[in-house]
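A.B. asks: Build out the structure end to end from the sequences listed, making use of the hints.
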Amino acid sequence: MKKRTVFRGRFVTVKQWRQPLPDGKNVVFEQAIRPDSVIVLPVDARERLVAIRERRWGSRQWIWNLPSGKVEGASALAAARRELAEEARLAARYWRRVGEEHHTSGTVVWHLFVYVARGLTVVERPRDVGEATRPVVLPLRTAFQMAMAGKFPYGAIAYSIIRLWNERRTWLR
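The opening position of the sequence shown corresponds to residue 138 in our numbering, with each subsequent residue numbered one higher.
Keep in mind that the hints were calculated from the coordinates and are not lab data.
Be careful, since some hints might not be right.
Pairs of lysine-lysine residues, derived as PhoX-like cross-links and limited to a Cα-Cα distance of at most 25 angstroms, are as follows [what the hints assert, rightly or not]: (1) K207 / K288; (2) K162 / K140; (3) K140 / K207; (4) K152 / K162; (5) K207 / K152; (6) K152 / K140; (7) K162 / K139; (8) K139 / K152.
C.D. replies: Okay, here's the thing in structure tokens:
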């Protein structure tokens, strides 16, 4: 039952192994492992969410997103700070970790950290090469409605916005 790496890319590693089943058959299983990631919920002094309009080159579309990305060897908080600066050109004075999820469907393994960022200030910092992002300030209710309507295409992002709306009295204290 030794796992072997059959693919290693920038965003995913695929492992494969043989597994005996209860009926005695041996089956080949595969598992995709994503890097640890962060999602940032930047909320300004007027309790509005700073979302991102992001150009996805593969689909040639602009999508709704939040500052997010890979941890890449730093702490989760350091990665959250980096992504907020790179994608929204913001820094935050106050940080609160509001979620930590270990996704393991058996097929995909992924560790995700979710932060609320408050006390926002504008910073000048070059963006990642290849990223085209534009921050957009949304009333929390509007962001929640957009998440419920499927306007944020990534489930973890939409779920984080819905939780922010439902937990705002606690999370935004």
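A.B. asks: So, for every hint listed, does it hold in this structure?
C.D. replies: Here's how the hints hold up against the structure:
Only pairs whose Cα atoms come within 25 angstroms are accepted, and K207 paired with K288 is accepted, the gap being roughly 22 angstroms. With a CA separation close to 18 angstroms, the supplied pair K162 and K140 stays within the 25 angstroms bound. Our distance criterion of 25 angstroms between C-alpha atoms is met by K140 and K207, whose separation comes to about 24 angstroms. A threshold of 25 angstroms between alpha carbons decides the hint, and for K152 with K162 the separation of about 20 angstroms falls inside it, so the pair holds.
Straight-line distance between C-alpha atoms of K207 and K152 comes to about 20 angstroms, which keeps the hinted pair within the 25 angstroms bound. Between the alpha carbons of K152 and K140 the distance comes to roughly 6 angstroms, so the proposed pair stays at or under 25 angstroms and holds. Of the supplied pair hints, the one linking K162 and K139 holds, its CA atoms being roughly 17 angstroms apart against a limit of 25 angstroms. Between K139 and K152 the CA atoms are separated by roughly 10 angstroms; this keeps the pair inside 25 angstroms, and the hint holds.
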